[in-house]
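Colleague: The primary structure of each chain is shown beneath.
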Amino acid sequence: MPDTRLALPLLCLLAAFPLAAADTPTEQGVAAFQEGRYLEASRLLQDALVADPRDEHARTFLALARAATGHCAEAVADLADGFQKSANPDLARLSGLALAQCFIAREETGQALPIAAQLEARFPGDADVLYLCAHVHMRAFNDATRRMFAGTPASYRVNQLSAEIFETQNKFAEAAAEYRKAIEKNPRALNLHFRLGRAILLESHSPEALAKAQAEFEAELALNAGDAAAEFQIGQIHNASGRAGEALRHFQKALDLSPDFPEAALAVGRIRVQAKQYAEAIPLLERVVKMQPANEPAHYSLMIAYRNSGQLDKARSEQQVLEKLQRPPEGKFTDFLKRLGEKAPAQ
Amino acid sequence: MKVLAALAVLALLALPRTGPDFRDIARQAGLTASFPNGGEKTKEYIVETTGSGVAFIDYDNDGYLDIFVLSGEGGTNRMYHNDHNGHFTDVTAELGLTSSGWAEGVCAGDYDNDGYTDLFVTYWGQNRLYRNVNGKRFEDVTAKAHLTQDRVRYNTGCAFLDYDGDGRLDLFVANYLKFDFATTPNAGANPYCFYRGMAVNCGPRGLPFETNLLYHNQGDGTFEDVSVKSGIARANGHYSLAVLAQDVNDDGRPDIYVVGDQTPATLFINQGDGTFTEEAVMRGVAFDENGRELSGMGLASADYDGDGLLDIFRSDFSDERSLLYRNTGNGQFDDVTMTAGLAKNTRFVNWGCAFLDFENSGWKGLVVVNGHVFPEIDRQNIDIHSRDHATLYRNTGQGTFEDISAQAGPAFALRHSARGLAIGDIDNDGTLEILANNQNEPPSLWKQSQRAPGHWLLLKFAGTRSNRSAIGARVAVTAGGRTQVDEVRSGGSYLSQNDLRLHFGLAAAARADSISIRWPSGAKTLLKDVEADRVVTIAEP
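Line by line, the protein sequences give chains A and B. Note that numbering that gives the first Met the number 0 gives residue 136 to position 137 of the first sequence, counting from 1, and the numbers run on in steps of one. Note that numbering that gives the first Met the number 0 gives residue 25 to position 26 of the second sequence, counting from 1, and the numbers run on in steps of one.
Treat the hints as calculated values from the structure; they're not laboratory data. Even for Gly, the Cβ is constructed at its ideal location relative to N, Cα and C. Keep in mind that a hint or two might mislead.
[Unchecked claim] Away from chain B, derived, C-beta distances all over 12 Å, residues of chain A:
id : residue
1  : 30
2  : 84
3  : 139
4  : 144
5  : 150
6  : 241
7  : 289
8  : 330
[To be verified] Lysine-lysine pairs mimicking PhoX-like chemistry, simulated, CA-CA at most 20 Å apart:
id : chain 1 : residue 1 : chain 2 : residue 2
9  : A       : 170       : A       : 180
10 : B       : 177       : A       : 342
11 : B       : 177       : A       : 337
12 : A       : 180       : A       : 211
Work out the full structure: start from the sequences and follow the hints.
Modeller: Encoded structure:
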C-alpha cells in the first residue's frame, strides 16, 4: 500500500537540489523527479537502469521516486545505500531524510532513530535534519507513552508521566493533581513528592503554596534522607520567607550531601556574603564559577563578594566576565529576533 | 547611647500595634472622574499599559496639598484643589490644564525660582512644561522653554534636579522605547507578543530601545538638551521607566537611578563637571541577586534600617521579586530582598511604591500598588490578576518588613489596575495619605480612619541660593535617641510626584532634638529642640 504522505515532504526537500541538463534517461528521470512527476521519473529511471545497471545515480533517484509515491518497501535498501555510499553529499542527505521518513511511515521508529542521529552528525545545523530529528523523537515518545497507557493503565507511572506532560504545558495545578494520584498509588516511590512540591511552586509563591511545597519536600526527605535537591528546595523556601538562618542550614546540608551541587554552594556563598563572612563565601563562589564557567548568578555574586571585601580589581574582572556572558550572540538568530519588532507588510 | 537606643525601642513597643485602617475616601473627596487608559479587557498596544502617574503638589501655596491626576488618550489630566475640608474641587479648566493624549509621568519643581511649583508632564508624544503663574493658572511653556521634541518619543519618568549646583532645576526624562501604531506588530504577531500562551500586545522586547534625556536649565526660561555631552545618552539598551534623582553616594551631588523593563537598571553617578558615568552593575543596583535584569517599574528611597544611609526599593513584574537594595556606604548596595522578608509577593505586577511612616513610629513602612499589564491574564484563572489589591509592609525596626495588607483596612482589599502612586498629608495632621491612579477608573485616595499614634514633623523647605523647591536638600532629624535621614526629591515612585515636604514619625518623642539640613548649595542649617506635631517651614540661610 503506497503511502502518499511522503510525496510532499520530498518535493519540499528537493527545492534546492541543482537541476541538470535532461539529455540522458537518467537526467530526464531526475528532472521529472524534481518537478514532482514521480511516476514518470520512476519509469525513466527504471529504463536507465535497464540500460546501465551500474548507474548508482539512477538507482538512488529511483528509490527516492518510489519513496515519494509511497512505495517504501521497494525503496529502503537503495535509500540506505544512497545515504551511506553516495559521494554527493546532497544526494546522501536526501536519501537519509527519505529513509528515515520511510521508517516513520512504516511505524518503525526504532529504525528511524539511528538514521536521524547519523544525519544530525553529518549535517549539523541543517533545519530539515533537525526537523526530522524532532519528529522522530516525538514519535518515539508518543509510541512509548501509548504503549504504557495501553499496557499498564493502573500504574503510578501513567500519572507521573501525565503530570510531567502537564508541566510542559504550564498546567501546574493539573500536574499537581496527577502527582497526588501517583503518590496515592505508590507512596514509597522516590521523586514524586519532590516533583509535586516543584509543581506547587511553579503554580504559585503564595505563603500557602510555600507551606504546601515545603511539606512535599519534607515528605521526599522522609523517603530519602540523602536527597540534596529536596534539602535545597526547603532552603529556598526559608530564604524566600526571610528566614536566612534556617535557609543556610538546609543549603549547607544539601552541599554536604552533594559537594558538587553548584546551586547549593552559590546559595551558601550568598548568605555568607550578606553576613560579611567573605573568607568563607569567596572560596565557595570561586568553586562554583570553576565548576560552571558560564554561571551568571555565580559570577555576579562573586563580583559583589570581591567588591564588598575590597578586592576591586577582582570585582572588575568578574564584571567583565558577566558582561561577556550576558552579551547577546551575534549572528542569524539575533538578527532574526531584532526583525521580530517590525510590523509585517500584511498587518 | 545604648540607653537611648533601648528607650527608643521601648517607646516603639509602647505604641498600639492594632494596625492602620486605611479607607478609600476618593468619592467623598470629589475624585469621581474616571481616567481612561487603553482597553479594559484587552490591550492592543503597549502604550495602553504604562499610564499614568499622579502628583501631590501645593500649587497655590495655601499650605494644603492639591491633587493632579494624569490621563491616557480619551480623557484629560485633572487638577483638584484642596478645599481644606476633606473635599477637592476640579479646577482643571480654570487653571488651563485641560489636555489630551497619552500622558505618562509627572514631576514637580520650581524651575524658575518664582516661589510657585511648576509641573512637567511626560507623554507618548510631546511632553509639556507647565509654568505655574502665581498659583492662579498654568501656562504651557514647552515650546518657549525649548523642550519641544523633534519626533514622537515615549517619555516616561521624570525628575527635576540641580545636577550642576547652579541653583536652577534641570530636568531628567526617561524614555521607554520607540513605539508607533503604524510599525509595531499586532498582538500575537511574533513570539514577543505572547504571554503565558496568550496573544498579547507586543513589547517591550522586540521594539527598539530609546535613550534618556537630560535638559540643562539655562536660567532664562529655556532648557538645553545636554543628553549627549553629559554622557546620559551613552547608555543604550534600556527600556527606562521610573527615575530616582538623589545623592546616592553622599558626595553632595545628585545622581540619577533609572529602572527599566526587562533590561538592567542604570545608575548615573554625577562627576561634578557636568557629566555622569553609568555604574549600576558594580554598585549593585543593575540586577537582582542572580545578576539578572528584571522589569523595574517603580522606585522609592528611604533609610529603612536607620543607619543614616538612603536605601532603594524597586517594584518589579509578576514572577519577579521587587527588590530592596541596602546602601552599605559609598553608594554601594547589596540586594537584601530575601533577608528583609520582601521576597514573598511575586504574583503582582508592582508599580507605584513609596516608603511611608504610616504609624509615626520612626520606621518607614512600604506601600506598593499593583495591576497587570495584560488584562487577558484573567482568562487563565490563576492567582495573578488584571486588577489586584495593594500591599502594605510594616517596618519591624529590625531590618525586616512584614506584609500587613490583610490587616490594613478595607482600602487594601480593593482591586484596581493601578499605576502611579504618591504620598502626602492632605490635611496636615501628620498622618499620611496615599493617592493612586487606577487605569479606567477614578483614582484612589486612602486615608486612615484614625490618626497615626506617634508624634511627627512635616518639614517644608525653601531654597534661596539653592533651587527654591530645595530639591536635593538632605535632612537629618534626631529625636528619641534616633536619627532619621531623608532627601527632598522630584519625581519617583512610578511616574509620580510625592509631597515635596518631608514627613518624619517621631514615635513617643514630643520634640525633635535637632533638625539638620544640607542644602543643595552646600549651606547648612541646624535647628535644635523643635516641637513636634506641626508643619515647620525652613528657609535656606
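Colleague: Is the nearest CB of chain B more than 12 Å from the CB of residue 84 of chain A?
Modeller: Correct as stated: the minimum Cβ-Cβ distance to chain B is 41 Å, above 12 Å.
Colleague: Classify the label on residue 144 of chain A as holds or violated, using whether its beta-carbon is more than 12 Å from each beta-carbon of chain B.
Modeller: holds (22 Å)
Colleague: Confirm or reject the statement that residue 330 of chain A sits farther than 12 Å, beta carbon to beta carbon, from all of chain B.
Modeller: holds (17 Å)
Colleague: Can the restraint linking residue 177 of chain B and residue 337 of chain A be considered satisfied, given a maximum Cα separation of 20 Å?
Modeller: holds (13 Å)
Colleague: Decide if the proposed pair is consistent with the structure: residue 177 of chain B and residue 342 of chain A, CA atoms, cutoff 20 Å inclusive.
Modeller: holds (13 Å)
Colleague: Is the nearest CB of chain B more than 12 Å from the CB of residue 139 of chain A?
Modeller: holds (26 Å)
Colleague: Is the Cβ of residue 241 of chain A farther than 12 Å from every Cβ of chain B?
Modeller: violated (3 Å)
Colleague: Compare the distance between the alpha carbons of residue 180 of chain A and residue 211 of chain A with 20 Å, and conclude whether the hinted pair is satisfied.
Modeller: Holds - the C-alpha atoms of residue 211 of chain A and residue 180 of chain A are around 16 Å apart, at most 20 Å.
Colleague: Could you check that no beta carbon of chain B comes within 12 Å of the beta carbon of residue 150 of chain A?
Modeller: holds (32 Å)
Colleague: Given the hint that residue 170 of chain A pairs with residue 180 of chain A, does the C-alpha gap stay at or below 20 Å?
Modeller: holds (16 Å)
Colleague: Taking 12 Å as the cut and beta carbons as the points, is residue 30 of chain A off the interface with chain B?
Modeller: At roughly 39 Å from the nearest Cβ of chain B, residue 30 of chain A sits farther out than 12 Å, so the non-interface label holds.
Colleague: Over 12 Å from every CB of chain B: does residue 289 of chain A meet that, or does the non-interface label fail?
Modeller: holds (17 Å)
In terms of the numbered hints stated before, the structure departs from hint 6 and from no other.
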